[in-house]
Amino acid sequence: MEDSFIISKILNEDTRDYGFNLLVKAYQERIYWHVRKMVIDHDDADDLTQTVFIKVWKGLTNFRADSKLYTWIYRIATNECLNFLNKKKRRFFVPINDVAAELSEKIDAGDGIGGDEIQIKLQKAILKLPEKQRLVFNMKYFDEMKFDEISEITGTSTGALKASYHHAVKKIEDFITND
Amino acid sequence: MKKINLEKQKIAAPFQVSEDYFDKLESRIQDRVRGDRKREVYLPVLKWATVPTLLVIFAIGYLIIPNQENPSSSELIAQLSSSEILDYLEYTDINEYDIAGISGSPDLLLDGEDMIENIDLENNDLDQILDQFDLELNIEEI
Numbered sequence: 029m030e031d032s033f034i035i036s037k038i039l040n041e042d043t044r045d046y047g048f049n050l051l052v053k054a055y056q057e058r059i060y061w062h063v064r065k066m067v068i069d070h071d072d073a074d075d076l077t078q079t080v081f082i083k084v085w086k087g088l089t090n091f092r093a094d095s096k097l098y099t100w101i102y103r104i105a106t107n108e109c110l111n112f113l114n115k116k117k118r119r120f121f122v123p124i125n126d127v128a129a130e131l132s133e134k135i136d137a138g139d140g141i142g143g144d145e146i147q148i149k150l151q152k153a154i155l156k157l158p159e160k161q162r163l164v165f166n167m168k169y170f171d172e173m174k175f176d177e178i179s180e181i182t183g184t185s186t187g188a189l190k191a192s193y194h195h196a197v198k199k200i201e202d203f204i205t206n207d
Numbered sequence: 012m013k014k015i016n017l018e019k020q021k022i023a024a025p026f027q028v029s030e031d032y033f034d035k036l037e038s039r040i041q042d043r044v045r046g047d048r049k050r051e052v053y054l055p056v057l058k059w060a061t062v063p064t065l066l067v068i069f070a071i072g073y074l075i076i077p078n079q080e081n082p083s084s085s086e087l088i089a090q091l092s093s094s095e096i097l098d099y100l101e102y103t104d105i106n107e108y109d110i111a112g113i114s115g116s117p118d119l120l121l122d123g124e125d126m127i128e129n130i131d132l133e134n135n136d137l138d139q140i141l142d143q144f145d146l147e148l149n150i151e152e153i
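Line order of the protein sequences matches chains E and P.
With the first letter of the first sequence counted as 1, position 158 gets the number 186 in the numbering used here; the numbers rise by one all the way through.
With the first letter of the second sequence counted as 1, position 135 gets the number 146 in the numbering used here; the numbers rise by one all the way through.
The set of hints was computed from the structure by calculation and includes no laboratory data.
Just so you know, not all the hints are guaranteed correct.
[Unchecked claim] Within a straight-line C-alpha distance of at most 30 Å, the following computed DSS-like cross-link-like pairs (lysine-lysine) qualify:
no. : chain 1 : residue 1 : chain 2 : residue 2
1   : E       : Lys152    : E       : Lys190
2   : E       : Lys134    : P       : Lys21
3   : E       : Lys199    : P       : Lys19
4   : P       : Lys19     : E       : Lys134
5   : E       : Lys96     : P       : Lys35
6   : P       : Lys49     : E       : Lys53
7   : E       : Lys190    : P       : Lys14
8   : E       : Lys116    : P       : Lys35
Using the sequences and the hints given, assemble the complete structure.
See below:
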């Protein structure tokens with residue numbers, strides 16, 4: 029389904045509901061996995077994904093035809109993830125390392141986690157990164173987005189993103205090799 | 012462990028969901044959007060009804076039970092911020108008719124515009140009431 033078709037339905041008040049249904053179908057899986065990789069826990073990812081689409085629904089009337097649906101939805105999802113993790117830190121007055129440790133424990137607990145040893149190690153290594161670097165790594169490595177697209181979503185220059193990504197790759201490789 | 016090269020080696024994420032998860036997620040998203048629409052219909056009415064109802068409850072509580080040591084329900088309600096009250100109302104089945112049911116003048120309460128017009132308050136008085144009850148009301152909306 030082309031984004032342009034979905035946008036044309038969304039921008040017409042008479043077909044907005046239909047357009048939103050198409051949008052949910054087209055994006056729910058991608059957004060869920062994007063969120064899940066950031067918050068690790070399925071229930072949290074489930075709740076946040078629904079919240080993202082509620083916000084998308086509420087924002088449809090202000091959506092501009094010249095915007096990219098793809099980057100707009102990802103930006104909302106990304107902000108929701110970062111807000112969620114920040115709230116977690118504020119609520120328990122814990123430093124980021126402790127939030128990462130909590131998320132790492134969820135991986136160990138194994139609820140909704142499969143995969144082999146290397147897959148688990150990779151996730152634990154990713155959790156050692158700062159949140160925004162984690163976000164960049166996930167979008168580039170797993171979602172195979174272009175740096176231009178990540179730049180539109182995060183508002184960071186492509187140069188900074190490339191540096192951040194390559195630094196993240198090195199840190200993760202070192203962690204997995206030396207652990 | 013032997014050195015890995017992430018640029019050459021693709022390692023998948025280990026997360027899993029049940030097979031029918033995304034079918035169910037789609038309908039749950041639609042349900043939440045429908046619920047959100049209903050709230051959009053009711054909330055403006057409740058917003059108008061909540062503030063004067065709380066004032067009436069507080070006034071009745073103050074007149075009838077002035078010297079009780081235990082805080083009255085009206086005093087407890089007065090300690091809540093408007094956002095807490097709105098959050099509560101959002102997640103309960105209470106509607107404007109329920110609120111009107113406990114009011115002494117339900118017809119007046121259900122007709123928000125007349126009620127507001129009948130309240131003769133100076134801006135200073137209104138500010139004082141809003142400060143007293145920690146109510147975050149957008150004056151421009153009035």
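For the pair supplied as a hint, Lys134 of chain E and Lys21 of chain P, is the alpha-carbon distance within the 30 Å limit? holds, 23 Å
Starting from Lys49 of chain P, check that the Cα of Lys53 of chain E is at most 30 Å away, please. Judged against 30 Å, a Cα distance of about 23 Å means the pair holds.
For a C-alpha distance cap of 30 Å, please report whether Lys19 of chain P and Lys134 of chain E respect it. Given that 30 Å is the threshold and the Cα spacing comes to 28 Å, the pair holds.
Verify the proposed pairing of Lys96 of chain E with Lys35 of chain P, using a straight-line Cα cut of 30 Å. holds, 27 Å
Hinted pair Lys190 of chain E and Lys14 of chain P, Cα distance within 30 Å: holds, 22 Å
Run the distance test for Lys199 of chain E versus Lys19 of chain P: straight-line Cα separation, threshold 30 Å. holds, 16 Å
Mind checking the alpha carbons of Lys116 of chain E and Lys35 of chain P for me, to see if they're no more than 30 Å apart? Cα-Cα ~27 Å, so holds.
Hey, Lys152 of chain E versus Lys190 of chain E, does the alpha-carbon distance stay inside 30 Å? Holds, because 22 Å separates the two Cα atoms, which is no more than 30 Å.
Hint violations for this structure: none, all hints satisfied.
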